[in-house]
Amino acid sequence: MSGRFRTPSGGRVDRDKPVRFSFDGESYQGVAGDTLASALLANGVHLVGRSFKYHRPRGIVTAGSDEPNALVGVGADDARYTPNMRATQIEIHEGLVAESQNRWPSLGFDVGAINEVFAPFLGAGFYYKTFMWPPAAWKKIYEPLIRRAAGLGRAPAKPDTDRYTQVYAHCDVLVIGAGPAGLAAALAASATGARVFLCDEQAEMGGSLLSEKTAMIDGLSAGDWTARALAGLAARANVMLMPRTTAFGWYPHNFLGLCQRVTDHLATADPKLPRERLWQVRAREVVLATGALERPLVFPDNDRPGIMMAEAARIYANRFAVVPGGTAVIFTACDSAYRAALDLKAAGVAIAAIADLRAAPGGVWVDRARAAGMEVRAATVVTGTSGRLRIDSVSLGKLGTDGRVGSSDTIACDLLLMSGGFTPSVHLFSQSRGKLVYDEVLRAFLPGTSVERERSVGACRGISDLETVLNDGTAGGSGAAQAAGFAGAANRAFAVDGDSVGSDGFIGVTPHGGDPSRTRAWIDFQNDVTEKDVTLAIREGFRSIEHVKRYTTTGMATDQGKTSNMNVLGLVSQTLEVPLPRVGLTTFRSPYTPTTFGIFAGQSRGDLFDPLRRTPVHEWAAAQGAVFEDVGLWRRAHYFPKPGEDMHAAVVRECRATRQAVGIFDATTLGKVEVVGRDAAELMNRVYTNAWTGLEPGRLRYGVMLREDGFVMDDGVVGRMAPDRFHITTTTGGASRVLAMMEDYIQTEWPDLDVWLTSTTEEWAVISVQGPLSRKVLKPLVEGIDLSREAMPHMSVREGRICGVPTRLFRVSFTGELGFEVNVPAGYGRAVWEAIFAAGQAYGITPYGTETMHVLRAEKGFIIVGQETDGTVTPHDCGLGWAIGKAKKDFVGKRSLARPAMMASDRKQLVGLLTVDPKAVLEVGAQVVADPNQPIPMTMLGHVTSSYWSATLDRSIALALVRGGRARIGTRLSVPMPDGPIAVEAVEPIFYDPKGARLDV
Amino acid sequence: MLLITCPHCGPRAELEFSYGGEAHIARPVDPAGLDDDSWAAFLYERSNPRGVHAERWRHLHGCGRFFNVLRDTVSDTIVASYPAGQPRPVPSPDGKGTTR
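Heads up: the protein sequence lines correspond to chains A and B, in order.
Note that this note's numbering has the first sequence beginning at 1, numbered continuously upward.
Note that this note's numbering has the second sequence beginning at 1002, numbered continuously upward.
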C-alpha cells in the first residue's frame, strides 16, 4: 500500500510500482507518478516546512510550480544537494532523499518558532528599524543572527558533481504550456508543416486536462483526448515535445531560455546524460499557453498545514489518487471550488460546509453541490482557524450587507480548501515587454499590446471555458504558423461536453471582523508577510507598489509573488481607496521559477572555464621547472627556480646572468600585426604619435598609440620590412584592442586608404636573447645576416635564416643590454629555442621569466602600458613626449593633447623613487605624500606603479606617478604605510646606464 | 540576445558582434581647427535617445566588417541595418521599417 490516504482506484499513478523515498530521515512509500508532495500527502504528511521569518508550521498549498511553502532540500550528499526545490514539482524515485528547511532541531519542534513571541516587533521593515545601533554590531551580531534565523534552504557545501549542457535551437513556433490551449495550438501549428517546439514544466503533458474527470472533448474523455493529441504530435517529425522543460526567461527578439530537467527524476541515470539542459531557443513565433494560477484567500490564520488551494486538492484527488484530508471545509469566492468539492466527495472526503463569500451563489455547480447534500452558506467568511501542526477547526462568520461580520460558529475539520478565483499567468508576456491591460469584468491583468512576435491563448488571457480554450488555442497555433510563413493553416472547432466554472473571484483581504492589529492574515506565505505588514507600510508612507514590495519583501524570493501579487494589489487598493489598476504592478522578472547556476555555467567549468593560450616554448619551460603566471588568456613563465630557490633568489640570479652574460626569454605573447599596402605608412602616421615616413626599411622604431582622448593606449616596437610593409608589435594584453581600433579607422573613417591589416600574433614565435654575450650565441646559428655592430645597429631588423628557418631578426632591447628578438614561424619556435639554448651553454645562457623582464626594464625606466599608465596618462605624463612626431599635422589623440587640462603642470607625472633606506622595497599601489606628519586625510600626490629589488644596483627601485612629479625631482617625499612612513627621494625615472652605453656595442 | 542582421552576412546572434557606440559621428577633418568645446563635443557628447538610435556594430566573429544599425532603445526592435558610410535611413511612421 502506498499510503493510508491513497484512493483505491483512479488517478494517473501506477499503484503496481512502489517507490521508497525518505523525508527528514523517515522512510516513506509512494508510487510511480507521484510528486514528493502527493506522496507525502498520501502518507498523511501535511507539515513540510517552517516559514521564513516566524518559523510557523507550514503545509502544502498548491500542486504546481507556484508552491510558496513546501520548499525542501533534495540530495543524499552535498555534491548533489539542491535547496529550495518545490515538493510539488519533485518527481519521486527510488532512494530520493529530501529534507525540510529552516527548522532546528526538528520540523515538529523548532526553536526558531520563538520568533512568534517577538512577532509584534518583526513587522515590515524591522531590519531597518531595530538593528540600527551600535553600527559595529550589525556585522558581528545582528546579521549572522538574522541570517541563521531567517531564510530558506542552505547552500550545498561541496562542488556540484553534475554535468549541465547548453543547446541553441531554432523553431518556427514555440508553444509554452501543454494544457488544452497549448496542445490545440501545437496541433494546429504543426499541421502546416511548421517546426514546432512544445514545452511544459511538468513531467506529464496535459495541464488541467490531467485532473479533469467529467468533461468530454469530441466524444472522448479528457484523458483519452490528451493521450491521442500527444500521440499525434509525437508522430509528427516537425514537432519536438519537451516535458520537464520550464520556459523561464524571455530575452529580446524572441530568444527564450528553457531549462530541461533531464535526470533528476531518475533513480539511476545514464552517466552520459547531463542533469539539466539549457535550451536557448530563437523562435519565429511564440504561443503562450501558460494557464492561470488559483489565488488564495487572505483571512486570519490562513497558513496552517491542511489549508490548501481547492483546485490543488482536486488535482491531488483526481490525478494523484490522494485524499488530502478526511473532513473538509471550503472557503470560496467562485464556482471552481464547488467542482473541487464534488470531485473530493467522490474520492471519499466529507465536505462539512462550503462558505461562499458571494451573497447569492447559484448556477449549475452550486446546485450540484446542494444536490449532493453539501451545506452551502452564502455570504460567509472564515474568521479564524486553529490547530498547531495541522488545522483542526475553522470559525465561520456571516457577512452582513453592511460589510460587518456577524457571530461565528466553529466547525471541526482537517482540511480547509480555499479559492479566490484564477490569476492569468502573464509572467512571460510581461517579460517580453508586452503591455498588460486590466480587464474590469474579469478583474485581471491580461496581455495587451505585444512587442515581440507572440500571442497568448487560453487561460493566460482570461478564457476559462474549456471549449473556448481549445478553439482559442487552435486559432493561436494557426495564426502563429501563418505569421511564420506557413500556409494551409485551418481552424477547426472542438466540441466539449462539460460546464464552465465562470470567472468569479476575490482580490485582497477577505472581511473577517477581527482587530486588524491582532489578527494575522498571511498575504504572502513564502515571505511571511501579513495584511498588517502591508497596511503598516502604507501608513508609514509607502505608496508605490514597488516600494511596498521592497519594504515588506512581498512578492520576492522563489515564487516571485505567483500566489500573492494580486492580493497585495487588492489590499493596497482597498487601503488607499484607489482603483486596483492604478496601483500598478511590480515587474515580472526572469526566471519564472528558480533555475540552477549549473545550466548557465554549462561546460564552462575547470579547464574549460576560459581558453588557455600557451606558447610553443611552454612545454620546454614546464620541463625546466618554470613557475607560470596568467597574463590575459596567456600562461607565461614567471621565473625559473633552481632547486632550493624562492622567487627572489631566482630573479636575482636571472637578472645577474642577463646583465653579465646572456639570458633567453619567451616573448611570443607579444601582439603582432602586419600592416601592408601603398598607404601603410600613412596609416601608421595617423594612428601612432611617431613619424613613420622617414623610417628606412630595415629599421625599428618604438611607437606609442593614443586613444582619441589623448591618453596612452598601447606601445610597442615596429619594424619597417619594406616601403609598403610594417611589422607591428603590441603589448600582450592589447593585441586585439589595437587591431580593432586600426580596423575601425580604416573601415569607417579612412576607407580610401589602400592598406590591409593581418593579425600575426599566432604566426610568430619570439625568442628574446639579451645580454652582452647575445651576439656571440646567435652568430653561428644565423645565415645571411651580418650581426656586427656596424652592419646591424641597435633598432634594426634583418631577414634571413636561423638554424635553417626563415627569421625576422630584430636587434632590440627591453633590458638595456645588447639584445635580439628572433621571430620565427611558430611551428619552429621550440626547435629554434632549443638550438639557441644549446649554443648558449658555453656562455652560461640563462632562461628568465616575466618577473626578471620587469625588473630589468624598470632599472632602465621603460614603462609598461597598464602599469605605469591607467587610461588617464598622456605621453608627456609618462616621459614619452619625445615619441611625438612634432611635424605631424594630425594623429589620433593629437588634438586632445592640446586641451588645457592635458598641459597642466600639476598633472601626475612619472618619476623614479629611491628609498632612503636602500633595503626597503615599496609596495606597488602605495600612496605618495609630501608631508607624512600631515593629519589624516593627507594630501595624496600619487602612487607607486612599479617597485622591485634590483640585484644589479643592490638596492630597491620604484617608479611612481606623482602630481607635478617632474618639478619634484631631487626632493624628499614619503610613502605612508601601516608600520610608519617610508622616506623616499624623487629621481629621474632611470636607474641604470642612463646614457645607453651598453646598447651601443 | 539580439538578432542582428549583418548587411554582408545576414541575421546572426548578438554574440557574434561587438558594439561600437553611436553611429554617424565623423572624425573632424581638421581637428586642430576646432576649439576646445567643439573637440570635447566630438569626443564625449552622444545623443542617448529614448527611441530610435543609430549605432555601430562590428561582425567581429564573422566577416569583421563595421556597419550601422537603427535600434529602438525602448523595445530593442531593430529598424534597419546598413553598411558603414551610407546615410542614416528614415524610419517609417510605424517604426518597424524604413523608407529610403
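Where hints are given, some of them may not hold.
[What the hints assert, rightly or not] In silico DMTMM-like pairs for lysine to aspartate or glutamate, Cα to Cα no more than 25 Å straight-line:
| no. | chain 1 | residue 1 | chain 2 | residue 2 |
| --- | --- | --- | --- | --- |
| 1 | A | Lys-435 | B | Asp-1038 |
| 2 | A | Lys-894 | B | Glu-1023 |
| 3 | A | Lys-894 | B | Asp-1037 |
| 4 | A | Lys-889 | B | Asp-1077 |
| 5 | A | Lys-894 | B | Asp-1036 |
| 6 | A | Lys-888 | B | Asp-1037 |
| 7 | A | Lys-888 | B | Asp-1073 |
| 8 | A | Lys-886 | B | Asp-1038 |
| 9 | A | Lys-894 | B | Asp-1077 |
| 10 | A | Lys-889 | A | Glu-743 |
| 11 | A | Lys-886 | B | Asp-1037 |
| 12 | A | Lys-888 | B | Asp-1077 |
| 13 | A | Lys-888 | B | Asp-1038 |
| 14 | A | Lys-889 | B | Asp-1073 |
| 15 | A | Lys-886 | B | Asp-1036 |
| 16 | A | Lys-435 | B | Asp-1073 |
No lab work stands behind these hints: they were computed from the structure.
Hint by hint, here is what the structure shows:
Note on A/Lys-435 and B/Asp-1038: the hinted pairing is violated, with a Cα-Cα distance of about 43 Å set against a maximum of 25 Å. Note on A/Lys-894 and B/Glu-1023: the hinted pairing holds, with a Cα-Cα distance of about 22 Å set against a maximum of 25 Å. With a C-alpha separation of about 12 Å, the suggested pair A/Lys-894 and B/Asp-1037 falls inside the 25 Å cut-off, and the hint holds. With a CA separation close to 42 Å, the supplied pair A/Lys-889 and B/Asp-1077 exceeds the 25 Å bound.
Our distance criterion of 25 Å between C-alpha atoms is met by A/Lys-894 and B/Asp-1036, whose separation comes to about 13 Å. A hinted pair counts as satisfied when its Cα atoms are at most 25 Å apart, and A/Lys-888 with B/Asp-1037 qualifies at roughly 20 Å. Between A/Lys-888 and B/Asp-1073 the CA atoms are separated by roughly 41 Å; this puts the pair beyond 25 Å, and the hint is violated. Our distance criterion of 25 Å between C-alpha atoms is met by A/Lys-886 and B/Asp-1038, whose separation comes to about 24 Å.
At roughly 37 Å between alpha-carbon atoms, A/Lys-894 and B/Asp-1077 are farther apart than 25 Å, so this suggested pair is violated. Distance hint between A/Lys-889 and A/Glu-743 is fulfilled; the C-alpha atoms sit about 22 Å from each other, no more than 25 Å. Between the alpha carbons of A/Lys-886 and B/Asp-1037 the distance comes to roughly 20 Å, so the proposed pair stays at or under 25 Å and holds. Simply put, A/Lys-888 and B/Asp-1077 have alpha-carbon atoms about 43 Å apart, too far for the 25 Å limit, and the pair is violated.
Taking the CA atoms of A/Lys-888 and B/Asp-1038, the gap is near 23 Å; set against the 25 Å cutoff, the hint holds. In summary, the hint linking A/Lys-889 to B/Asp-1073 is not supported, as the alpha carbons are separated by about 39 Å, beyond the 25 Å threshold. Distance check on the hinted pair: A/Lys-886 and B/Asp-1036 sit about 20 Å apart at the alpha-carbon level, within 25 Å; holds. For the suggested pair A/Lys-435 and B/Asp-1073, the alpha carbons sit about 16 Å apart, so the restraint of at most 25 Å is met.
Checked against the numbered hints above, the structure breaks hints 1, 4, 7, 9, 12 and 14 and satisfies the rest.
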